[in-house]
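Trainee: Residue numbers (numbering that gives the first Met the number 0), protein chains in the order written: chain A, 0 to 331; chain U, 0 to 243.
Don't read these hints as lab results, they were simulated from the structure. Here the structure is a predicted model, which means the values were calculated and not measured. Careful, some of the hints might be misleading.
Stated by the list, open to error - Reference listing, derived: stretches of chain U covered by chain A, where coverage requires no fewer than 3 residues with Cβ under 8 Å from a Cβ of chain A:
(1) 40–47
(2) 232–242
Unchecked claim - List of simulated lysine to any residue pairs, SDA-like, C-alpha gap at most 25 Å:
(3) A:K304 <-> U:D170
(4) U:K96 <-> A:D211
(5) U:K234 <-> A:R17
(6) A:K316 <-> U:I149
(7) U:K145 <-> A:R313
(8) A:K316 <-> U:E168
(9) U:K193 <-> A:E325
(10) U:K234 <-> A:D328
(11) U:K193 <-> A:F331
(12) U:K89 <-> U:D31
(13) A:K316 <-> U:D146
(14) A:K316 <-> U:D170
(15) U:K96 <-> A:L219
(16) A:K21 <-> U:D47
(17) A:K316 <-> U:A202
(18) U:K27 <-> A:F214
(19) U:K96 <-> A:G220
(20) A:K316 <-> U:D219
(21) U:K145 <-> A:E69
(22) A:K21 <-> U:M124
(23) A:K316 <-> U:I174
(24) A:K21 <-> U:S19
To be verified - Here are a few chain A residues that face chain U, going by a calculated C-beta distance under 10 Å:
(25) R17
(26) G71
(27) P164
(28) G320
(29) L322
(30) Q324
(31) D328
(32) F331
Virtual Cβ for every residue (Gly too), placed ideally from N, Cα, C.
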Amino acid sequence: MGVDLRDIVPREDIEFSRLHGKILSVDALNALYQFLAIIRQQGGEVLKDSKGRTTSHLSGLFYRTVNLVELGIRPLYIYDGRPPEQKLATLRGRKKHKDTAQQRAVRAKVEGRTEDYAKYASQSLTFTTEMLAESKDLLALMGIPFFDAPAEGEAQAAHLCATDPRIYAVASQDYDALLFGAPLLARNVTISGRRKLPGRSVYREVSPELLDLSFVLGELGITREQLVEVALLVGTDYNDGVKGLGPKKALEAVRSGTFDDYGVDPSLRDLFLAPAVSDSVRYAFSLPDASELRRFLCTEHDFSKMRVERAVERLTKGMEGLLRQETLDQWF
Amino acid sequence: MFEAKIEAKNWKSIISIIGSIIEEAPLKLTADGMTLRAMDPSHISLIDLELPKDQFISYEVGSERVVGIDVDEMSRVMSRGKPTDMLVIKVDEETNKLFMTFVGESTRRFGLPIIDTPEQSQLKMPNFPTSAIIGIDASVFKDGIKDASIVADHIALEATADALVMRAEGDIGDIETRITKETLVEFKVQEPCKSTFNLSYLADVSGSITGPISIELGMDAPILMNFEIGGAIIKFVLAPRIER
Numbered sequence: 000m001g002v003d004l005r006d007i008v009p010r011e012d013i014e015f016s017r018l019h020g021k022i023l024s025v026d027a028l029n030a031l032y033q034f035l036a037i038i039r040q041q042g043g044e045v046l047k048d049s050k051g052r053t054t055s056h057l058s059g060l061f062y063r064t065v066n067l068v069e070l071g072i073r074p075l076y077i078y079d080g081r082p083p084e085q086k087l088a089t090l091r092g093r094k095k096h097k098d099t100a101q102q103r104a105v106r107a108k109v110e111g112r113t114e115d116y117a118k119y120a121s122q123s124l125t126f127t128t129e130m131l132a133e134s135k136d137l138l139a140l141m142g143i144p145f146f147d148a149p150a151e152g153e154a155q156a157a158h159l160c161a162t163d164p165r166i167y168a169v170a171s172q173d174y175d176a177l178l179f180g181a182p183l184l185a186r187n188v189t190i191s192g193r194r195k196l197p198g199r200s201v202y203r204e205v206s207p208e209l210l211d212l213s214f215v216l217g218e219l220g221i222t223r224e225q226l227v228e229v230a231l232l233v234g235t236d237y238n239d240g241v242k243g244l245g246p247k248k249a250l251e252a253v254r255s256g257t258f259d260d261y262g263v264d265p266s267l268r269d270l271f272l273a274p275a276v277s278d279s280v281r282y283a284f285s286l287p288d289a290s291e292l293r294r295f296l297c298t299e300h301d302f303s304k305m306r307v308e309r310a311v312e313r314l315t316k317g318m319e320g321l322l323r324q325e326t327l328d329q330w331f
Numbered sequence: 000m001f002e003a004k005i006e007a008k009n010w011k012s013i014i015s016i017i018g019s020i021i022e023e024a025p026l027k028l029t030a031d032g033m034t035l036r037a038m039d040p041s042h043i044s045l046i047d048l049e050l051p052k053d054q055f056i057s058y059e060v061g062s063e064r065v066v067g068i069d070v071d072e073m074s075r076v077m078s079r080g081k082p083t084d085m086l087v088i089k090v091d092e093e094t095n096k097l098f099m100t101f102v103g104e105s106t107r108r109f110g111l112p113i114i115d116t117p118e119q120s121q122l123k124m125p126n127f128p129t130s131a132i133i134g135i136d137a138s139v140f141k142d143g144i145k146d147a148s149i150v151a152d153h154i155a156l157e158a159t160a161d162a163l164v165m166r167a168e169g170d171i172g173d174i175e176t177r178i179t180k181e182t183l184v185e186f187k188v189q190e191p192c193k194s195t196f197n198l199s200y201l202a203d204v205s206g207s208i209t210g211p212i213s214i215e216l217g218m219d220a221p222i223l224m225n226f227e228i229g230g231a232i233i234k235f236v237l238a239p240r241i242e243r
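With the rest of the complex left out, here is chain A (with noise of 0.2 Å):
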């Protein structure tokens, strides 16, 4: 979810060239839930293995992994923690949502609307505690790291590009991570060259971009701070926003000093200024445990084995490149 801020903030197409030898902090869930949604058989279902577990977000995070290994980026996955409490109601109202399209799923299914349960469905998406471990599994025999945030993932992935200065950006479909203080936010990362637009069977090119945060708020003439006023204004994951109001009238109305005319609660700046993070993470990449992955996705999850043993051999290739290039840091 998160807010919406595309119209305003200004962007870099990039090649993945750019992002070669760069570790990325990846809100995981935000990766997960693009994997889930878009990862469908013919028909809209969901993967699903024998046991009738999903694997959808299996599939993504293993093969688009893989994919960025080869590229020589890594990735270190970052799983939220326990919400704040102001994001409860916004979970709240999601479930919901997600309650009233998974019955509209059964009956577009019963009626055979092809379309509208590919619909309902993708809006009914939810992950359970389960599948999150399931993926965490598999990011540890894959050798990727992963760390769980104290609350907000996206939070925790800024705050490490901010202070951690192996971490290149923050790789994240939202824009929080720019209100969260992420001096870099890549997006178009963790999906793959070819995008479903929502509602239609239209798919479309996409390419990595990246965006600066110190140009983002040069260009805008603000600050962090008022950034994530506009935010509020917009609405954000903590608060509905204004009525009417668009990021380009947030943007007029922060600019012209009127925040506190809408009646939006000051504190909730901190959310995004001051959340809560954790400063000791620790992280290491290595080989993958070729054998336990095959196990786990073929003979666990059936996966088809020829794929994954390609996939395997790519993962290992990339990471014996990776992990073989020493820095320069021992020489001085």
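Following the hints, position chain U against chain A.
Mentor: For chain U alone, coordinates are given in the frame of chain A:
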């Protein structure tokens, strides 16, 4: 204040070589000329650049200062220069801009913002043991790099008793280039040694070199390449890959 005049084509090749390593460059303007020392964000390579005052047609500097430049943007500006253009580089303190003026058939002035770059002034040169110094013509070296790129993404550089051997091995095959000491510009090998490097870094950097390159090699150590581009004296250091 700072104002200097240089042949545009020289500045273009200098910016191009900097751009193959870093996106933002802290250029130091001193009484003796321009200097730059920076590592890429992954700390895999380092560039040390010295463009002495006498390489400029005119050179005036006030107090020493660092100007941060966006290398991509500046390359884009430089691509607009004509081969015979002169370039006047001027720091405008008031607007915090770098004015780049092409002087040719007309006078074209580009203004580029001076950006904040990470403080790298404390950065020393890395220190590592080398056992071979080899002088090689850029075109010969580049051929070896290009050949290797066909089969692999890394290359082993080996100094033997009488030759420099460039070797690459990949899934589809292997390639070996042997350059004997008679055909090399310089050849001093105290001890045979070998290190392996990422090809894309070497390809990017060597791409625009035309003159001789002096290469210092060690055993599983970084490579140091000394060369000149556009009047600038450049040292390029690349960390090795670990071979097991």
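Trainee: Can you name, in rising order, the numbers of the hints this structure does not satisfy?
Mentor: Violated hints: none at all, because every hint is consistent with the structure.
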